[in-house]
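Protein chains: 2
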Amino acid sequence: MKLLKVDTIQQVLEKMEYHFGDIELKGEVINIEVAVGRTAKEDTFSQYNIPDFNRSTVDGYAIVASDTFGVTDSIPVFLDVIGQVEMGKSTDIVISKGKAAYVPTGGMVPKGADAVIMIEHIEEMDSSTIAAYSSTAPGENVIKIGDDISKGDQLIHKGKQIRPQDIGVLTAAGIRQITVFEKPKAAVISTGDEIADPFGEIQYGEVRDINTYTLAAMLEEMGAAVTIKSVIKDEYELLKSAVEAALIDNHIVIISGGSSVGTKDVTAKVIESMGEPGVFVHGMAVKPGKPTIVGKAMGKALFGLPGHPVSAVIVFKVLIGHFMARLMNKENFKLQIPAVCSVNVHSSPGKETFQMVELEQTENGYAAIPLHGKSGAISLVSRAQGFVRIPHNKEGISKGETVMVELL
Amino acid sequence: MKLLKVDTIQQVLEKMEYHFGDIELKGEVINIEVAVGRTAKEDTFSQYNIPDFNRSTVDGYAIVASDTFGVTDSIPVFLDVIGQVEMGKSTDIVISKGKAAYVPTGGMVPKGADAVIMIEHIEEMDSSTIAAYSSTAPGENVIKIGDDISKGDQLIHKGKQIRPQDIGVLTAAGIRQITVFEKPKAAVISTGDEIADPFGEIQYGEVRDINTYTLAAMLEEMGAAVTIKSVIKDEYELLKSAVEAALIDNHIVIISGGSSVGTKDVTAKVIESMGEPGVFVHGMAVKPGKPTIVGKAMGKALFGLPGHPVSAVIVFKVLIGHFMARLMNKENFKLQIPAVCSVNVHSSPGKETFQMVELEQTENGYAAIPLHGKSGAISLVSRAQGFVRIPHNKEGISKGETVMVELL
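Chains as they are written, first to last, in the numbering used here: chain C, 88 to 495; chain D, 88 to 495.
No wet-lab data here; the hints were simulated from the structure. The structure displayed is predicted, hence computed values, not measured ones. Keep in mind that the hints are not guaranteed to be accurate.
Said to hold, decoys possible - Restricting the straight-line Cα-Cα distance to at most 25 angstroms, the calculated cross-link-like pairs of lysine to any residue (SDA-like) are:
(1) D:Lys-374 with C:Pro-225
(2) D:Lys-320 with C:Gly-170
(3) C:Lys-438 with D:Gly-452
(4) D:Lys-238 with C:Gly-287
(5) C:Lys-486 with C:Pro-457
As the list claims (entries may be wrong) - Partial pick of chain D residues on the chain C-facing surface, computed with a CB cut under 10 angstroms:
(6) Met-212
(7) Pro-285
(8) Glu-308
Note that the Cβ used here is the ideal one computed from N, Cα and C, for glycine as well.
Okay, chain C solo, but in the shape it has when bound (with noise of 0.2 angstroms):
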């Protein structure tokens, strides 16, 4: 096995991003109602002006904004009523200096009229005649054509992850279909002799499997498909057939546990015996998360995790949903909350430490309430809701002083 030395998060992310770049994932077409949480492949524009004629935002009449010029009050001016447009639907109308015309809210804006005036500024004196009290100036109370959304714009960009309100823009322009990125395919392999499965009965001496339904839900969350999930013995040869059938079909392969430097240590042989590069990370300057490898084999991203359930969920955040991301084309903006630290923190020095917080609202923001706990609790990791990084060159955090929470 290659010597190798431990990295900082931002040397293996440099290493990932040299040797993952070729990964790619491919298109697929899929109906907007079905596209919340994908993320988009491609750049979608509209075809047309939305709207795509003059709307009225009120009801009211429309007219020519100049008849209204210096109108106040008490001296109306009296214009012509030539009819009425019906809402839904076209018109012959056309306005001109003295003429008005009823619209409804969302009704069209007749030809040669600028302004609406809300029946609320008019009085109706005869059928054929209203007199207008307001000044109205051009433009008021119409969306133009184009205004909300021109014919050409931008409305969704390649690496944008899809919410319901662009599901609203995509309607609006009457788009049914979009291209995403395919959903990643995973696999979770958890190793170790002491792991059993957690709805069987166990063994006294045996542990429930956590971190192989944890991470397959942190996979499927992010937006993966997760397509195997077993639990192996430790063993070389179990665990090199369970590792190439999960190459055959998968982007990422995911190993926890059994990554750790003691007698049992066979994910990194196993990844190295996969082909070229092999194993090109083999432990992180993090606390907790040192036992973290790296490594690629048939074209496939391949991680082995600690096998501790507050490392593995760690080390997924910061490696694997950077990876997620990349894979996707993500934007860099990554929520994180702004809080004012409880209590002070120690840090380990020399590497980056992660401190699971709790957030608690108080008046101006939140506090992070440092959670503490041996870091095999997986205890810890639900009851936080974020955790709090510490940079490798960094002393500890001071009571008082406001850290960013990334969320769990």
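Fit chain D to the known structure of chain C by using the hints.
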């Protein structure tokens, strides 16, 4: 029709509390593999200690800690090796003073031992003797029985929305199924003579339906099952039969559009015709979103939302989002992002004003950049990352002020 005055949001929420208090969701038993995003309807407790044996967190030797007290690099203590613990297996070894047994990371710490000394701190003298070079404290490198979770501990509480790490806690305790709230069933009906099927040919004067798809996607994102999506002309009889049908099998019926006090306001009349108590909110002091209707009939919640997409989205978030959270006993914790407002923002006197914003990452947090556009503009909501509320008694926001951004 009853005479109704415009309410503040607080008043509307109180009336909803009063009228909707008896609307309940049933429970549904589901496998934990599909539980992420669902909300627990019952508290769940652990039947086991986790771990249920003392577990080593390192590769090392199980010892009686007091044997090593005072030991240093130059003055080691010699211990008899009486065996080795196998991973994932129970052991009969009993450690007493002067004895030691090898334990791998995750393995069972034998009876009598109260600490594990790391292999880095010992030397193997011969096959049955080690020299220990480090003073080890009682409990060191051992996760004790129940350290992570104790028998009887609460794992999940009613109202908790399940995250991947909660799945981990459940598998750790061997729990395969939990009871969650059934998905609230909802119908979305859009009205308006100008609203056309977004995917068909539209006539000049019509606009493509935006709200049906946007609101349905928002409902689904919040955990509802949308059973009906339809567009209805603004006619009393048509809307009445649509609402009647929707009330049969839904908890929530949303009618979008048709709620302005224009010539074609039929939504309130239709809700009134369905029985007691009928409409109990008609108009809300918010901008945008004034023409909001809330009612109850046949024991179901009815909402009349403004037709303008921006208003509809805001009123949805504020009222329906709140109601759905209440239905599922969710915590009051609502994630908001503190951000510094980039420019002055004006508000509407006497109304709670909602300002759409984009978030931009800055050195110490976020800047909130107000977005402007006519209220019909769906493109505005698609660009926005969230919104800021300006209370009715506050005069706008000053540049440089810190605001809380609710995410969209």
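Worksheet item: Hey, does the Glu-308 (chain D) contact hint survive, CB to chain C under 10 angstroms?
Response: Holds: closest Cβ of chain C sits about 6 angstroms from Glu-308 (chain D), inside 10 angstroms.
Practice prompt. For the hint on Pro-285 (chain D), just tell me whether its beta-carbon gets within less than 10 angstroms of chain C.
Written response: Cβ of Pro-285 (chain D) sits 4 angstroms from chain C, so the hint holds.
Worksheet item: Does the structure keep Lys-438 (chain C) and Gly-452 (chain D) at a Cα separation of 25 angstroms or less?
Response: Measuring from Cα to Cα gives roughly 24 angstroms; hence the hint holds.
Worksheet entry | Distance restraint between Lys-320 (chain D) and Gly-170 (chain C), which requires alpha-carbon spacing of 25 angstroms or less | Since the Cα atoms of Lys-320 (chain D) and Gly-170 (chain C) sit roughly 23 angstroms apart, the hinted pair holds (cutoff 25 angstroms).
Worksheet item: Regarding the pair Lys-238 (chain D) and Gly-287 (chain C), is the alpha-carbon distance no greater than 25 angstroms?
Response: This hinted pair holds, its Cα atoms lying about 18 angstroms apart.
Worksheet entry | Restraint satisfaction for Met-212 (chain D) [CB to CB of chain C, less than 10 angstroms] | Violated, about 19 angstroms.
Worksheet item: Hey, Lys-486 (chain C) versus Pro-457 (chain C), does the alpha-carbon distance stay inside 25 angstroms?
Response: holds, 11 angstroms
Worksheet item: Are Lys-374 (chain D) and Pro-225 (chain C) close enough, with their CA atoms no more than 25 angstroms apart?
Response: holds, 24 angstroms
Checked against the numbered hints above, the structure violates only hint 6.
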